[in-house]
Amino acid sequence: MQRADSKSQHHELTLLTHSGYTFPASRLWLHDKDITGASTHLAFAASERAIVDEFWRAALQVGGRDNGEPGIRHHYNSHYYAAYILDPDGNNIEVVCQKG
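The sequence shown runs 1227 to 1326 under this note's numbering.
It is worth saying that the hints were derived from the structure and are not from the lab. A hint or two may mislead.
[As the list claims (entries may be wrong)] Between beta-carbon pairs, the in silico distance windows are:
#1 1284 with 1316: 15 to 21 Å
#2 1288 with 1326: 17 to 23 Å
#3 1302 with 1265: 16 to 22 Å
Backbone N, C-alpha and C define an ideal beta-carbon position, used for all residues, glycine too.
The task is simple: from the sequences and hints, build the whole structure.
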């Protein structure tokens, strides 16, 4: 991933897990502005539940903090299988699979 030099630039992003799964993360915009007291929630769609599980395990191994282990989130729907971690800046990173 490269840093955008202006607001008009963007880069395509593909996430790769330790076991070789890849999935596209449509677009990610980065900026220099410091937002104090607020965190960001980034959510990425996964094509299968195994990717959600692998994301969570890999993120914890490299220093992410658990913010919700992989599982069904019934408060969304009966197929919403997600995991959440907090990155070093406190941002909530989610990977979700909605296939039954």
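Here's how the hints hold up against the structure:
Distance hint check for residue 1284 and residue 1316: the Cβ-Cβ separation is about 19 Å, which falls inside the suggested range of 15 to 21 Å. The hinted window of 17 to 23 Å between residue 1288 and residue 1326 is violated, with their beta carbons roughly 30 Å apart. Taking the beta carbon of each, residue 1302 and residue 1265 are about 20 Å apart, inside 16 to 22 Å as hinted.
Going through the hint list in order, the structure does not satisfy hint 2, though it satisfies all others.
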